[in-house]
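Undergrad: Protein chains in written order, with this note's numbering: chain A, 5 to 284; chain B, 24 to 378.
Worth flagging that the hints you see were computed from the coordinates, not collected in a lab.
Quick caveat, the model's predicted, so the values are computed rather than measured.
A couple of the hints might just be wrong.
[Said to hold, decoys possible] Stretch by stretch, here's where chain B covers chain A in the computed footprint (C-beta under 8 Å, at least three residues): (1) 169 to 177; (2) 192 to 206.
[Claimed, not checked] No more than 30 Å apart at the CA atoms, straight line, and that leaves these computed lysine-lysine pairs for DSSO-like: (3) Lys158(B) <-> Lys269(A); (4) Lys99(B) <-> Lys105(A); (5) Lys202(B) <-> Lys53(B); (6) Lys99(B) <-> Lys138(B); (7) Lys99(B) <-> Lys107(A); (8) Lys53(B) <-> Lys138(B); (9) Lys202(B) <-> Lys158(B).
[Unchecked claim] Computed spacing ranges between beta-carbons, pair by pair: (10) Glu134(B) <-> Tyr26(A): 58 to 64 Å; (11) His90(B) <-> Met97(A): 31 to 37 Å; (12) Arg206(B) <-> Arg270(A): 41 to 47 Å; (13) Thr41(B) <-> Arg270(A): 44 to 50 Å; (14) Lys107(A) <-> Glu134(B): 43 to 49 Å.
No residue lacks a Cβ here, since even glycine has one placed at the ideal position from N, Cα and C.
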Amino acid sequence: MESRILRPTLAIYSGIFLLFLYGPMIVLAILSFQSADGGPQFPIREWSTYWYQHLLGLAETSRVSQLPVGDSLIRSIILAFMTTVVSTILGVMSAEAFRTKFKGSGPAFYLIILGMMVPGVLVGLGMALLSNTLGISRAWFGTSFVLHVVYTYPFAFLVLLAIFNRFDRTVEEASMSLGVSPAQTFRRVTFPIIFPGVLSAMLFSFTLSYDEFSRTLFTAGRELTLPLAIYGTFSVEIYPNLFAFGVLTTLFSFTLLVIYGLLMKRFTSKASRFKGQEEG
Amino acid sequence: MLHDLELISVGKTYPDGTVAVSDFDLQVEKGEFVAFLGPSGCGKSTTLRMIAGFEDITNGELMMMGHNMTHVPPEKRPTSMIFQNYALFPHMSVRDNVAFGLDIKGTPKAERDRKVDRILDMFDLDAYADRKADKLSGGQRQRIALARGLVVEPEILLLDEPLGALDANLRRIIQNELKLLQRELGITFIFVTHAQSEALGLSDRVVVMSNGVVEQISPPRELYRRPATPFVADFIGSNAVIEGTPLGAGAAGMGRVDTPLGVIEGVGTGSEKLAAIPAEAFRIAPLNTPGELHLAGTVSHRQLVGAVGHLRVRLANDQEIAVEVHADRPEVKALVPGTPLTLGVDPQAVTLIHA
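So here's chain A without its partners, still in its complex pose (with noise of 0.2 Å):
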């Protein structure tokens, strides 16, 4: 009765949700397709592959110089491959020490907290005046990386504080009772219960950090991170083979997500696919 009419209309509702969601990326990866002498806009003059061959430095040097991207996307992504490693890292150790009690756990949880919450603009800015005082000279592994890590580890911290809270303690005590130590205990039993909340944990800070701009906008120094070389480009003219550049980067974090998907579900089935396998 009711679902006849309340089914379809959530359903249109959910579809046109999608398409605002998706729509500016369609926009976008369709106009990558334009043509050489076409702009950054309707209509698109001639289906064409130029601006990705423009991008790659395939095709002849024409009056548009070719994206400076190359290098600050690898400094991007080892600077969010860094903060990964650094936040996960710290995010397990902390979300395992916040399992228990212990004095000042209270405010030390909102000072954690409070490294997602302050407007990026403002510690990017107060970073800057602080390695300026020092005498620190900025740089993206530098006082970059650091404002990345202050950014990202909340997260993390966040998603193993909750993979935690549904841990059930017992598992690691009869573990312990049966003559494992501690630190066994924790690689062979806890680490791969955890393990799918630091998979998300990951994904998170890698993302997080590799789109980071307000915080990296005045601590980068002179080498540019992805996000401030793109934001570069805008200031002379927008060509096609920027959108190109945006297809190219959704399709990579596009890979990442599968390639999490991927583990988390090699490892929520593995268990059920040991067949009393055996190692050493």
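Could you slot chain B onto chain A? The hints should help.
TA: Relative to chain A, chain B alone:
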């Protein structure tokens, strides 16, 4: 003489001053089956966890086979613990769960496989060895937990309400298996439960606890026959507890208490204020033997459960007591509520206890 397990006035006080357990004294011999029994929150699980090493011992000493274990971490104690929720490793197969302890210890592969195969066979788990542990039924998971805990050959097996999560039938089956297993292995079992039937049916001795204190340590039968404290008299079985003033010693090993219902003689020293009479010690047709205690009352309630007749009898002092009789006896039919009767009790069945 070295005890397998010895607790010397073991206690636990939390940092905020709350006392969880105090002055726990117990000696357990090799191969004994000891149950900790008490209502929830009485400290029985805390004591077990102190023995396992998961809770700090703040007072007293814990000895195992002559070694002081008070501050030894759990993994270095010769104990293995079985948890109520089984605590199986969800990311491992049944076989890997069972092999885990040996695996970490670096037991050679051949020996490990032999031991694991034997114990899987013993618990009828070979068919499930390669399944994921948390996909199995409660009874099977309990067996896996037992197999996992026993394969490392502990000196003492600690069981924390291991049957609590099973349904009644399965509980009875595993209960029997546990008893057989313990006899076969000859290792010490410490079993925590709040279910009287489990404690009394399985163990050689029962430790009754309340409010963090040991009330009584006795073989199961003794708990029924000779409760040592008012708590035990109330908690185990159903005792009529009648209060009075001590009258001093009577015949050898007997004491007397002056109560509103008359002088009651029972086993004790005569300095006790309370007389406890088990519900099943009453005779509804007194034998009139010399010394037999007679109590007059009125039946207030009658319920027949199978072969047992449960009566509530209101005594002259308005106290209502429980009386258990064989339901087949012809007199029981006539005992409808309101019927006056005289109950007979052999003084040997009466226990005098301190208030």
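Undergrad: Evaluate each hint against the coordinates.
TA: How the hints compare with the structure:
1. 169 to 177: Coverage by chain B holds for the segment 169 to 177 of chain A (4 residues, Cβ < 8 Å).
2. 192 to 206: holds (count 4)
3. Lys158(B) <-> Lys269(A): Holds, because 17 Å separates the two Cα atoms, which is no more than 30 Å.
4. Lys99(B) <-> Lys105(A): holds, 26 Å
5. Lys202(B) <-> Lys53(B): holds, 15 Å
6. Lys99(B) <-> Lys138(B): Status holds; Cα separation ~21 Å.
7. Lys99(B) <-> Lys107(A): Measuring from Cα to Cα gives roughly 29 Å; hence the hint holds.
8. Lys53(B) <-> Lys138(B): Measuring from Cα to Cα gives roughly 23 Å; hence the hint holds.
9. Lys202(B) <-> Lys158(B): holds, 27 Å
10. Glu134(B) <-> Tyr26(A): 58 to 64 Å: holds, 59 Å
11. His90(B) <-> Met97(A): 31 to 37 Å: For Met97(A) against His90(B), whose Cβ atoms are near 34 Å apart, the range 31 to 37 Å holds.
12. Arg206(B) <-> Arg270(A): 41 to 47 Å: With a Cβ separation near 45 Å, Arg206(B) and Arg270(A) satisfy 41 to 47 Å, so the hint holds.
13. Thr41(B) <-> Arg270(A): 44 to 50 Å: holds, 47 Å
14. Lys107(A) <-> Glu134(B): 43 to 49 Å: holds, 47 Å
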